[in-house]
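S.K.: Chain by chain, the residues:
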Amino acid sequence: MKTALFIAASTVLLILACAGIATPGQPFTATPPLPITVMAAASLSEAFQELGSQFEAQHPGVRLEFNFAGSQQLAQQLAQGAAADVFASADQEQMDVAVQAGRVGDGSARIFAHNQLAVIYPANNPAGLLELPDLARPGLKLVLAASEVPAGRYSLQMLEKASLDPAFPPSYKQDVLKNVVSYESNVKAVLTKVALGEADAGIVYISDAYDQVGQLPIPAALNVTASYPIAALQDSPQSGLAQAFVDLVLSPEGQQVLVKYGFIPLIH
Amino acid sequence: MSAASPGLARRRFEAWQLLSLPFILFISIPIIALFLRITPADLWATLQGEGAQQAIRLSLTTSLTTVLITLVFGTPVALQLSIRQGRFHRLLDSLIDLPIVMPPAVVGVALLVAFGRRGLLGEPLSLLGISLPFTQTAVVMAQTFIAAPLYIKAARLGFSSVDLELKKAAAMDGASRWQVFRFVIAPMSWMALLSGCVLTWARALGEFGATLIFAGNFPGRTQTMPLAIYLGFEVELNVALTLSAILILISFVTLIVVKEFLHSRVETALAVNDY
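If you're matching them up, the sequences are chains A and B in order. Here the first sequence is numbered in my numbering, starting from 1 and rising by one per residue. Here the second sequence is numbered in my numbering, starting from 1 and rising by one per residue.
For reference, chain A alone in the conformation it holds in the complex:
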């Protein structure tokens, strides 16, 4: 009985081990792929995944591992010593956190893209929103990114600007904030709550506003431009490859991918 159990257990283990090594479709290589960890703002998810595949195609034997989350979360993880090779933040503030923690060399971060805000609503527009002032309508369900999140901070800046604009009542920001039902931990969570139709509106980046949600125009003078810095971490064990990924993001090909996903490129 014991022997039978032992044989059964070892067989299972062996199968599991083989399954682990020989992933279907991949060549049986003796050396495991070299992982490069990229910590990137949640808003970069789609664009960076495509850039990642490009990078892997250019560098055989390298596997990119992404950690997408609110930049503030990533910056804290880096400050607490999380191992990574590249950090791409949605604002300079969170990059500075990584610099202060000694993970990114002072002055080594470079802006690689810009973004702007978009007010989105579910496809069927349950609240019947037509223009920006409608966000202050009492009873509306609005979802924002938390003020700790870059997108949340930019949203507050935009509302602040609107309150100072003669076209809006001075209490605009206050009235809009009264409608907030949830402060999300990253911008993609805002998008999800709106796309699911649970909220009447949300503020995200233009690059997040897909066809599944509608969009309210924000006057150019009121919009806030987000700037995204990127840096190879100075303690990266693969600093060459980390820098190569940064270079790809900054290259014309990389910029093209970012444009495809709604980001505003650098002017070359």
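None of these hints come from the bench; they were simulated from the model. Any given hint could be a false lead.
Partial pick of chain B residues on the chain A-facing surface, computed with a CB cut under 7 Å [what the hints assert, rightly or not]: (1) 117; (2) 118; (3) 130; (4) 133; (5) 134; (6) 216; (7) 217; (8) 218; (9) 220.
Rough simulated footprint, nothing fancy, chain B against chain A, three-plus residues with beta-carbon under 8 Å [stated by the list, open to error]: (10) 134 to 146; (11) 180 to 194.
Predicted model, so just to flag it, every value in this text is computed and none were measured. Ideal Cβ placement from N, Cα and C applies to all residues, glycine included.
Dock chain B against the given chain A, drawing on the hints supplied.
M.R.: Below, chain B without anything else, positioned relative to chain A:
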């Protein structure tokens, strides 16, 4: 216990017992590390903060509401499972177990597609003027979904352990179903019910994933302690660490108090049985 049964007392230390050391260390080191990072001054400062107080208050009210709801609606389920057997009841039993193994994020999504505005029941609910997501009710629902099964399982075991003959005897003496439950089953299984309640309460207090998805995060309304810790970690690490420590202290002290209390009751019961 040890005094009553000298044969069990002072069992010689054996080398194999060292095998439990790695796990004990694995559990205690992170908890100790957390407490080493905070100072009493931090603790005091955090407790004075409006945000932390709101989160603690909200966590206590929602988790206690969850326990009450679980008692009212979970007890019949536990009773049913304790007296009936068969395919249907085994299925029901597995259904009750499901929330324990479901990832909380999945629970949050499931609650959203069931009770959300566009969910399965969204239409009828909105006709009644009810909107659940982003409310305190949503927090309680998320906690109940995840934590109630712990009570139901404990209560079911407690009910099952009541001797069938006793129930029959009471019924033969003319006790109604309610009287059998009230005067026979409940008094004999209350310790199981209490420990089930405590487990449910502690689990509800720690609920995070389902709450974040179904109820969102709004200070004072849906931001419970775990949510405040999650967002606080990114801004003020001290606040997050202190709130974590408070959460652990509350849970640990409660667990110890209840275990001690139950233990002393069990000892009294055993002592009585000895005579």
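S.K.: Are the hints correct? Go through all of them and say.
M.R.: Here is what the structure says about each hint:
Because the beta carbon of residue 117 (chain B) sits about 5 Å from the nearest beta carbon in chain A, less than 7 Å, this interface hint is met. Checking residue 118 (chain B) against chain A by beta carbon gives a least distance of about 4 Å; that is within 7 Å, so the hint holds. Given hint, residue 130 (chain B) at the interface with chain A, is violated; its Cβ is 14 Å from that chain's nearest Cβ, farther than 7 Å. Interface restraint check for residue 133 (chain B): the shortest CB-CB distance to chain A comes to about 5 Å, inside 7 Å, so the restraint holds.
Annotation: interface hint on residue 134 (chain B) holds; nearest CB of chain A at approximately 4 Å, less than 7 Å. Taking 7 Å as the C-beta contact cut-off toward chain A, the hint placing residue 216 (chain B) at the interface holds, the least distance being around 3 Å. The interface hint given for residue 217 (chain B) holds, since its Cβ lies 5 Å from the closest Cβ of chain A, which is under the 7 Å cut-off. With a cut of 7 Å, the hint placing residue 218 (chain B) at the interface with chain A holds, because the nearest CB-to-CB distance is about 5 Å.
Annotation: interface hint on residue 220 (chain B) violated; nearest CB of chain A at approximately 11 Å, more than 7 Å. Beta-carbon proximity to chain B at under 8 Å applies to 3 residues in the region 134 to 146 of chain A; the threshold of 3 is reached and the given coverage holds. For the region 180 to 194 of chain A, the stated coverage by chain B holds: 7 residues have a C-beta nearer than 8 Å to a C-beta of that chain, and at least 3 were required.
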